[in-house]
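Student: Letter by letter, the chains look like this.
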Amino acid sequence: MSFVFCLLCILLLPLATAGLALMHQGLGRSRSAAHTMVASLCVLAVASIVFISFGFCTAGVNGGPAHTFLIAGNPWNLIAAERPFAHGIPFDGTPSALVLCFQFFTVGLAAIIPVSTGSDRWRLGPMCLSTALLAAITFPLFTHWAWCGGWLSQLGVNFGLGAGFLDAGGSSTIQVIGGLTALSLAWILGGRRGKYSDDGFAAAIPGHNIVLVLFGCLLALIGWIALNSAGTMLFYAATPALIPKILLNTVLSASASCLAAVFVTRMRYGKPDASLIANGWIAGLVASSASSAFVSLGSSLFIGFVAGAGVMYLVEFLELKLHIDDPGGAISVHAGAGLWGVSAAGVFSTLPTLSGRGQLLAQIIGIAALLGFMLPLIHGLNLLLNVFVKQRVDSDGDRQGMDVRELGAGAYPEFVVHGDEFLPR
Amino acid sequence: MILSSGLLLVGRRSLRLRFLLALLCTGGSLKLVGVFLLLLGGMIAVTAVALLRQPSEQTYFVLAGVAFEALGLTLLARGYALPPRNAR
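If you read the sequences in order, they're chains A and B.
Reading the first sequence from the start, the letters are residues 6 to 430 in this note's numbering.
Reading the second sequence from the start, the letters are residues 2 to 89 in this note's numbering.
Next comes chain A alone, as it looks inside the complex:
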């Protein structure tokens, strides 16, 4: 692993976060635009501070102190035992410091995902508290399991399942954890005012600035290449020689996904839909993250194509059938495409393994852990928070918009006039 290359990649990581923030802002309503950007900054600030203070104790680094239990004769590394404020991590050019930096940036990326789902109704205070729970408990726990010597990453060594759970760029640790948090919050918050009529009819509430959304996609591409490269070098001891392959696979996956979105939306609605195409682009990036260094270029195209086409149907299914109001499509894009990326890594990965079998099973066990342990934990924590602090804005805020309600002024005070409701009540 090259320290300098890895550090360079980590320095580019915030571009992925910036891209997502722009997308969330553009896909929301104009009356909550400033609130969404302020929320993104606050969420990043809270995630950074809480992760360094407490979260890193649970996440740890590969080979660091951890609580390991012997079950049926096999070691199960469940949780790290680092000290608060990363005491004991040497800043002397060793990989531990880089892993800490990588986690420090990626926790912000995971935390910003639910902001999109809660757009136009999620209060700033509870949003920060929910982020604190993510940065202190849920993200670090799964990060340790998948990246930092936890039981999932050891499935290959301890149980002969391929090379263990494979997720180099965070399809599961970042994207699925963020997506499942978004799903939990969508359930708790309910739909936006005017989104669903009493008989369950869903109104279309279009995003207010599609140019920002598409610009966000381009920014995210650079951040994602850095994310996949840094993750592969840090957790799979890859050399910088592998970066060109990661770069090509990441871009190919996003391109195939974007074109799949163009094709599907044109086929279904007559014309390509800009916001769904943006979602398709990000879905390709998300799906590429798990195995961008370990699959062929052709496989990458296939992974991206399935991600883009699948997300289009998933967005519609969640909105129309399950009545989940997700303004930015974060649940479909991050949780849906993330789960597909993790599964695809098991099918297409060419990573050499100890036993030569079981990679797909290792990936399925990872998915089982995400849905069986992380989703109930995430949902339970957010429900508990909702008991003490109401997460949804009151009915006045629903009517005024979050900018006026929580910030006192709109993002575009001089020119935007909008109807109060999309559906008459």
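It should be emphasised that the hints constitute simulated quantities derived from the structure, not laboratory data.
Everything numeric in this text was worked out from a predicted model, so none of it was measured.
Heads up, the beta-carbon is just placed ideally off N, CA and C, and yes, glycines get one too.
A portion of the hints provided could be inaccurate.
[Said to hold, decoys possible] Partial list, derived from the structure: chain B residues whose beta carbon lies under 8 Å from chain A: (1) ALA46; (2) ALA65; (3) GLY66; (4) GLU70.
[As the list claims (entries may be wrong)] If the Cβ cut is set under 7 Å, some of the chain B residues that face chain A in the computed set are: (5) GLY29; (6) LEU33; (7) VAL34; (8) LEU40; (9) GLY42; (10) GLY43; (11) VAL50; (12) ALA51; (13) LEU53; (14) THR60; (15) VAL63; (16) TYR81; (17) ALA82.
Go by the hints and put chain B onto chain A.
Tutor: Okay, now just chain B, sitting in the frame of chain A:
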């Protein structure tokens, strides 16, 4: 939950059907059953890895666990998707 399971096992057929219907039509119960199935599925998958040695047995049990989780997720989503007057 124990009472519910008991009623489902030993109650009269019509009673059992009515109870099952009531359970499935109430948002709160659906959510509880959904979360329970998610946890159960996760436990089945992890226990299979820990205790079973044959690859085929491991695969079947892990897939069974994921199937439980899929059912749990469906029930949870259905519980939240019910119209407000039923769900809350």
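Student: A separate judgement is required for each hint: does it hold in the structure or not?
Tutor: Structure-based check of all given hints:
Checking ALA46 of chain B against chain A: minimum C-beta separation of about 4 Å stays under 8 Å; hint holds. With a least beta-carbon distance of about 10 Å to chain A, the hint placing ALA65 of chain B at the interface is violated under the 8 Å criterion. Because the closest C-beta pair between GLY66 of chain B and chain A is about 5 Å apart, less than 8 Å, the hint holds. Using the Cβ-Cβ criterion of 8 Å, the hint placing GLU70 of chain B at the interface with chain A is satisfied: the shortest such distance is roughly 4 Å.
Contact between GLY29 of chain B and chain A, as hinted, is not supported at the beta carbon level, the nearest pair being about 12 Å apart and thus beyond 7 Å. This hint is violated: LEU33 of chain B has a C-beta 11 Å from the nearest C-beta of chain A, more than the 7 Å allowed. The interface hint given for VAL34 of chain B is violated, since its Cβ lies 12 Å from the closest Cβ of chain A, which is over the 7 Å cut-off. Checking LEU40 of chain B against chain A: minimum C-beta separation of about 6 Å stays under 7 Å; hint holds.
A distance limit of 7 Å between C-beta atoms decides the matter here; for GLY42 of chain B the minimum to chain A is near 5 Å, and the interface restraint holds. Restraint check, GLY43 of chain B versus chain A: the minimum CB separation of about 2 Å is within 7 Å; hint holds. A least Cβ separation of about 6 Å between VAL50 of chain B and chain A falls short of the 7 Å threshold, and the interface hint therefore holds. A hinted interface residue such as ALA51 of chain B counts as satisfied when its beta carbon comes closer than 7 Å to some beta carbon of chain A; here the least separation is about 5 Å, so the hint holds.
A hinted interface residue such as LEU53 of chain B counts as satisfied when its beta carbon comes closer than 7 Å to some beta carbon of chain A; here the least separation is about 10 Å, so the hint is violated. Residue-level restraint check for THR60 of chain B holds (minimum Cβ-Cβ distance to chain A is 6 Å; threshold 7 Å). Interface restraint check: VAL63 of chain B against chain A, minimum CB-CB distance 6 Å, threshold 7 Å, status holds. At its closest, the beta carbon of TYR81 of chain B sits 4 Å from a beta carbon of chain A; the interface hint therefore holds under the 7 Å criterion.
Because the beta carbon of ALA82 of chain B sits about 5 Å from the nearest beta carbon in chain A, less than 7 Å, this interface hint is met.
Consistency with the previously given hints fails for numbers 2, 5, 6, 7, 13, ordered from lowest to highest.
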